[in-house]
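Chemist: Full structure from sequences and hints, please.
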Amino acid sequence: MADRTAATDPPPHLIAAEAEGYCDPDTGICVLPASTGADETDPDAQAAPATTER
Amino acid sequence: MTARTATESSTRLTVDVWADVLCPWCYLGEHRLQAAIERSGLADRIDVSVHTFELAPHAGAEVVPALEYLAAEKGVSAGRARAMERHMADLAAAEGLPYAIDRPVANSNDMLRLVHLGAEHGRGWAYLRAMQAAVFSGDHRSFEPATLIRLGGELGIPADRIRDVLESDRYAAAVRADRARALELGARGVPFTVLGGRLGIPGAVGTAEYAAAIEQAWEQVNG
Numbered sequence: 001m002a003d004r005t006a007a008t009d010p011p012p013h014l015i016a017a018e019a020e021g022y023c024d025p026d027t028g029i030c031v032l033p034a035s036t037g038a039d040e041t042d043p044d045a046q047a048a049p050a051t052t053e054r
Numbered sequence: 001m002t003a004r005t006a007t008e009s010s011t012r013l014t015v016d017v018w019a020d021v022l023c024p025w026c027y028l029g030e031h032r033l034q035a036a037i038e039r040s041g042l043a044d045r046i047d048v049s050v051h052t053f054e055l056a057p058h059a060g061a062e063v064v065p066a067l068e069y070l071a072a073e074k075g076v077s078a079g080r081a082r083a084m085e086r087h088m089a090d091l092a093a094a095e096g097l098p099y100a101i102d103r104p105v106a107n108s109n110d111m112l113r114l115v116h117l118g119a120e121h122g123r124g125w126a127y128l129r130a131m132q133a134a135v136f137s138g139d140h141r142s143f144e145p146a147t148l149i150r151l152g153g154e155l156g157i158p159a160d161r162i163r164d165v166l167e168s169d170r171y172a173a174a175v176r177a178d179r180a181r182a183l184e185l186g187a188r189g190v191p192f193t194v195l196g197g198r199l200g201i202p203g204a205v206g207t208a209e210y211a212a213a214i215e216q217a218w219e220q221v222n223g
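Residue numbers (the working numbering), protein chains in the order written: chain A, 1 to 54; chain B, 1 to 223.
FYI, nobody ran anything at the bench for these hints, they're computed from the structure.
Backbone N, C-alpha and C fix where the C-beta goes; we use that ideal spot for every residue, glycine too.
Check before you lean on any hint, since a few could be wrong.
[Unchecked claim] Taking CB as the label site, the calculated pair distances span:
1. Ala72(B) <-> Glu18(A): 25 to 33 angstroms
2. Asp160(B) <-> Glu18(A): 41 to 49 angstroms
3. Asp26(A) <-> Ala94(B): 25 to 33 angstroms
4. Ala35(B) <-> Thr27(A): 36 to 44 angstroms
5. Thr27(A) <-> Gln34(B): 34 to 42 angstroms
6. Asp169(B) <-> His13(A): 31 to 39 angstroms
7. Asp26(A) <-> Ala78(B): 21 to 29 angstroms
8. Ala93(B) <-> Thr27(A): 40 to 48 angstroms
9. Asp26(A) <-> Thr11(B): 31 to 39 angstroms
10. Ser137(B) <-> His13(A): 22 to 30 angstroms
11. Arg141(B) <-> His13(A): 41 to 49 angstroms
[Unchecked claim] Covered stretches of chain B (in silico footprint by chain A; criterion: 3 or more residues with CB under 8 angstroms from a CB of chain A, positions within the stretch not fixed):
12. 22-35
13. 180-191
Modeler: Structure, rendered in structure tokens:
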């Protein structure tokens, strides 16, 4: 399995499938879909950055 | 999966992956992508090309527990951080992956520069995943040179080359360039995966979605 080749030249077509989760390239914060219920046990949710669903 | 024909025998599919060692979704997504590749029947026709995406270039060099890092560096409340981490640990456990909530976190630039060294030896993807396995299993020595040399050595990367990188800023420009390239291509989520140079997947998806994307990209490169 080769390891390094030239990356794509023209921008790729982004697949519309919803990501299960991702890390934000700008903030570095990793987020979960809102439907996970991960916030339910969070007593400090109001002060936290928004967890978004894509 | 479409049946392979004699005319496809020389065709290959490149999968470009941008990731950070410390990124939980990269850790999970890479495992799923690898599983999809192995189940595709095309593993011997697929070349994974690893690229780095530094998510926290300003993180400190001192190793701190992940929950402490999220609160101090990212402003995530302790409750939310714990809930998110527990959810990630559950997802990882469902796939048989270790996931320590109190894992070590520190600046990943050295590790990412070593991924570039690994790529020169054809082992960038494997080196990245080996470092992730150490971090996410909670090994608080993951960032130490001795650990990085041992992990690289297990992949056939010479120790003196690893030391050279750690004692210099070698590949720093390559790390910055990889990040810029991903953003240029539209990476709005990390991991960022591009199949066949045409299909991009921002963020982590399930193994089935990766498998479907591989099939779609394979059909395109044969089209």
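Chemist: What hints, given by number in increasing order, does this structure fail?
Modeler: 4, 5, 8, 10
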